[in-house]
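Visitor: Taking the hints into account, I'd like the entire structure generated from these sequences.
Which chain is which? The protein sequence lines are A and B, in order. Residues 1 to 352, numbered by full-length UniProt numbering, are exactly what the first sequence covers, in order. Residues 1 to 352, numbered by full-length UniProt numbering, are exactly what the second sequence covers, in order.
Each hint should be verified, as a subset may be incorrect.
[To be verified] Now the in silico label distances, taken between C-beta atoms and shown as ranges:
| id | chain 1 | residue 1 | chain 2 | residue 2 | range |
| --- | --- | --- | --- | --- | --- |
| 1 | A | LYS108 | B | ALA154 | 18 to 26 Å |
| 2 | B | ARG47 | A | GLY64 | 32 to 40 Å |
| 3 | A | ILE335 | B | SER37 | 25 to 33 Å |
[Unchecked claim] Residues on chain B that point at chain A, a partial pick, calculated with CB under 10 Å:
| id | residue |
| --- | --- |
| 4 | ARG126 |
| 5 | ALA128 |
| 6 | ALA130 |
| 7 | MET132 |
| 8 | GLU242 |
| 9 | TYR245 |
| 10 | ARG275 |
If you're looking for bench data, these hints aren't it; they were derived computationally from the structure. We put the CB at the ideal spot given by N, CA and C, even for glycine.
Protein chains: 2
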Amino acid sequence: MSDKLRPGADDDTSSARRPVTLQDVAKAAGVSVATVSFVANDRRDVRVADATRARVQRVIDDLGYRPNVMAQTLQHGRSRFIGLVADAIATTPFAGQIIHGAQDEAWKHGYVLLIANTEGDTEAEREAIAMMLEHRVHGVLYSTWFHRAAELPAGLRQADVVMVNCFSPTQEARGVVPDERQGGRTATEALIASGHRRIAFINATTPAPAQTGRLQGYQDALAAAGIDFDPSLVRYAFSDQEGGYDAAGEVLETDATAVFCYNDRMAMGLYDRLRERGLSIPQDMAVVGFDNQEVIAAHLRPPLSTVGLPHYELGAAGVRVLLGLEAPDDDGMTIVACPPFLRDSIVPPALS
Amino acid sequence: MSDKLRPGADDDTSSARRPVTLQDVAKAAGVSVATVSFVANDRRDVRVADATRARVQRVIDDLGYRPNVMAQTLQHGRSRFIGLVADAIATTPFAGQIIHGAQDEAWKHGYVLLIANTEGDTEAEREAIAMMLEHRVHGVLYSTWFHRAAELPAGLRQADVVMVNCFSPTQEARGVVPDERQGGRTATEALIASGHRRIAFINATTPAPAQTGRLQGYQDALAAAGIDFDPSLVRYAFSDQEGGYDAAGEVLETDATAVFCYNDRMAMGLYDRLRERGLSIPQDMAVVGFDNQEVIAAHLRPPLSTVGLPHYELGAAGVRVLLGLEAPDDDGMTIVACPPFLRDSIVPPALS
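Guide: The structure is reproduced here in structure tokens:
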């Protein structure tokens, strides 16, 4: 076993791993600490001979000197950190894209994300927020894995906060959320464009902005196409495959020729039920989902048309609002559109 | 719109949001800065009158003073940060659990994770590593979203590193990886225990430790049960639903009564093909997958028996190795077991 792999090797080499300081560079380059600082910080307003500047830069590169951002934070009062408190980055494939979007946008503006996953635990949340405030974060994104109303934790009242994928009913903070209503309209319009007029909607039983918003969007699309809303075509089920499978039985008792499912998981259950009945998609029943949960939607047989939740964009917009680069609406909210992903579960208009 | 929601409100209130300092507390409590420091850091070795201690603590609570961890880092040379460089936390539901496990373990020992998602981009990786070194991280976890050999980035050679879900073929750093071979054996044993002896294995075409390890485990299990290895029962396909669907056609031309699929996505495609042929699971064909990708495995009809990748545990073990709390094997590696998840796609031994 090589020495560097040995447990405890860290202790033996701690001096080698001690961060390189301004003093180290100054000594090696034979100049003053101030000169190294001027070169390291690219201060062009200070006169340093070109040859000296080049020599110092070479030593900086050789020794691997890095400016100590913590010291800079002490000077400036706020760090280049943005905190992200999430209830569940681990238990859902969605939240990862919120982090990804927030990280990309933060980096673009010279900030680094400090991420804490609390799994909804109040104590873990309190500790995460304390940790972020101790690190003098510039501000905090408070994020939930599904779009919902949320109460801002007490510890965040003294921080600059943007809520992402959630909102404060009492307007305690700005919020960035997906446009559920437009998403529901987009999904339904895709079916109408394909010639369908008897369109069922399998909605979720869990109260949420998605439940009410997608239903409104469904009704908007029908109204715009001059199709009467028929409440008997709206069914409710638990929002997973089993719920979709069960509700599919009810839908098959109606004269619906197309179904808009609250999410892709329910559409997957619907697929199972239709197959059991010997029915083909989209010939016997057109289907559109919601979420664009890629591992399901892109790989069902046939691949599922759906509407995506803009998680990446929610995270990115959250950072822009926090940094004052994007102004929210007058009510403090930023609404992000849900884009369609058209695959093979809807008969193309030309064929219908 | 309330004032706190107004863009730019941040600027107006920056003085109110200035972090509370030791000086602020000292002034409000009418004591010295040193006394506040003693109370804030709970220094019991220093004599502070109980009444004074209580008064200072009350002011600390009232003003919301927090010790500045950055200043502590400057004093001690290393921060309480652990860096986590991941190639893709966003594009896979897996990596989230690595982060979750690493975060929980880090917090347990008073550390905070600094996370960077690079999407495999070399430039982003270089910047992420520079950021972490600038923040004086205690050490770095270098993680990949699927188990593979990886080259340690040059920037990490000067840091204390543990590779998670990957390893250095040249032993440049310690590594924590899943036990693919044991996982393959466990999957195959579940089918053997159910009475099957003609067991097909649909393997992946992509070279990876999972491809070779799971095949070895499959052979181990057969050998232990006295079943001859028949290479014609091993098929190769791309590791997604479509690959599983295609390979299922080949498997159905053999006399196999059970199939071990390289992953749950391939098993999902196999399910589709079997259904098309009017075959029932597990009566006509027993199936076991790999990954325990919950959104698929737990919700197929019937729910899929599978073997889980221990992502949470990989992240947690990575932190323990980094902090010297757990010793790796002599070759610098820590191997984590892959646990079985038995559901309804295998006939229970009692019924077979």
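Visitor: All the hints need checking, so say for each whether the structure fits it.
Guide: Hints versus structure:
1. Checked against the hint of 18 to 26 Å, the C-beta distance between LYS108/A and ALA154/B comes to roughly 24 Å, which is consistent with it.
2. Taking 32 to 40 Å as the suggested C-beta distance range, the pair ARG47/B and GLY64/A does not conform, at roughly 45 Å.
3. Here the CB-CB span from ILE335/A to SER37/B is close to 47 Å, at odds with the stated 25 to 33 Å.
4. Violation of the interface hint for ARG126/B is found here, the shortest Cβ-Cβ separation to chain A being roughly 12 Å, above the 10 Å cut-off.
5. Among the interface hints, the one on ALA128/B holds; its C-beta lies about 9 Å from the nearest C-beta in chain A, closer than the 10 Å criterion.
6. Hint status for ALA130/B relative to chain A: holds, with the closest Cβ pair at about 7 Å, below 10 Å.
7. The beta carbon of MET132/B is positioned within 10 Å of a beta carbon in chain A (closest approach about 9 Å), and the interface hint is therefore held.
8. Checking GLU242/B against chain A by beta carbon gives a least distance of about 7 Å; that is within 10 Å, so the hint holds.
9. Using the Cβ-Cβ criterion of 10 Å, the hint placing TYR245/B at the interface with chain A is satisfied: the shortest such distance is roughly 7 Å.
10. Against a cut-off of 10 Å between C-beta atoms, the interface hint on ARG275/B holds, since the closest Cβ of chain A lies about 6 Å away.
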